[in-house]
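Novice: Here's the letter readout for the chains.
There are 2 protein chains.
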Amino acid sequence: MEEHTGLFKFFDGIHPISAKSKEALRKICFELAMPKGKDLQSIGHTCKTIYYVEKGLARTYYYKDGNDITESFAFENSLIARVESLFTGNPSKKGIQLLEDSILIGIPSPELFNLYDQHHDIERLFRRIFESAYVETINRIESLQFHTAEERYKDLLSTSPNLLQRVPLKHIASYLGITQVSLSRIRAQI
Amino acid sequence: MEEHTGLFKFFDGIHPISAKSKEALRKICFELAMPKGKDLQSIGHTCKTIYYVEKGLARTYYYKDGNDITESFAFENSLIARVESLFTGNPSKKGIQLLEDSILIGIPSPELFNLYDQHHDIERLFRRIFESAYVETINRIESLQFHTAEERYKDLLSTSPNLLQRVPLKHIASYLGITQVSLSRIRAQI
DNA sequence: TTGATTTTTTAACAAATGATAAAGGAAAAG
DNA sequence: CTTTTCCTTTATCATTTGTTAAAAAATCAA
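If you read the sequences in order, they're chains R and S. Our numbering puts the first residue of the first sequence at 1, with every later residue one more than the last. Our numbering puts the first residue of the second sequence at 1, with every later residue one more than the last.
Keep in mind that the hints were calculated from the coordinates and are not lab data. One should not assume that every hint holds.
Repeated chains share a single entry, so a pair holds when one copy, or any two copies, can fit it.
Listed below are the simulated EDC-like cross-link pairs for lysine to aspartate or glutamate, each with C-alpha atoms no more than 20 Å apart in a straight line [said to hold, decoys possible]:
id, residue 1, residue 2
1, K48, D155
2, K93, D155
3, K93, E142
4, K20, D117
5, K93, D65
6, K64, E150
7, K64, D39
8, K36, D101
9, K64, D155
10, K64, E136
11, K93, E131
12, K170, D65
13, K55, D121
14, K9, E150
15, K154, D65
16, K38, E23
17, K36, E76
18, K170, E142
19, K38, E54
20, K27, E142
21, K64, E151
22, K38, D101
The task is simple: from the sequences and hints, build the whole structure.
Specialist: Below, the structure written as structure tokens:
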């Protein structure tokens, strides 16, 4: 039986759950290692797994007019999933790709959602997790709605200082909603 | 005792709850009518009420560099709240203003969150509600990230055809992330 | 209704970003 | 180590959007 220590420490920081619930949750989780560049989840399939990044780095991405767009990054000690598919059951237009050799813990969502019925505290834990993610998304809207690309770039660097060392600029550009050329120009100007 | 029929029909469409839970929920809700132009919730206070729009129209807004920015609209038969404050407990930089004479049903969040403990189905109902809202927000990010202002305007009109008749263009412009002048230019060009 | 206020449009110019192409660097593969 | 591939920068020009100001149109209040 795996321990998944990092994951449960992460959970404890959000909403402590009973030993029983922990055990039930632990039972459905699985660990996996994957190399840089691989797709953890491919475009077109319904999202049925939430991943915790134990080590490494992942991103969600999709194609818009043939261009590769990064929707989000997930560093160590955070969760990643294709939420719009997870909650609707629709196939996702997005994929999850690893930007570094990574170790992940997968949480199968059908099993997780089943646990909600018996373990009220697990439902509450994940409610809190997604509420926080929702708030972050709202703040990101504000950023996209009324900050210049330069402001968004500076904000991103101050929030994730190590992003630059670990993520190709082209992904950062699309995440910010601008072209790579435009980001390069902004960087030159600073 | 008020009935709040519209609200409970709305709830039923998302996740049916027991008669007991309905009664408990009904007890904490209150109805109020407010005229056009009034602030339902003012900037600077922590969000402690979720509102259901029974009749009328509301918007959430904030000030960015002195400019009035609309974050969202809420028509009849939908909920409105300042989520980033509701879930964090932080004072909100945003306000809720009525764009028409409206009838609303208020749901006090501290009382609501208390009900979660006794009424699992109420927690689940609101989890679902906010999960859906989260998905909508994710889709809006995609729209802001990689659609032109003209595309966003057309999309908005096709989603909410009656928006134009009920909302001043300046609010629509800031909602789309552009200036009023820019929106006017786009409209002229179509 | 009339006058005042607010909203919307138009115009001219400035600034930011996109598109394309080409060159320079860095990283990966053999 | 060398070659190939991918990533990043630079340059040029086109397009979009912002800014400011003023006029036109619509709405509101007395």
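Novice: Which numbered hints are broken by the structure, listed smallest first?
Specialist: As far as the earlier hints go, 1, 13, 14, 16 and 20 are violated by this structure, in ascending order.
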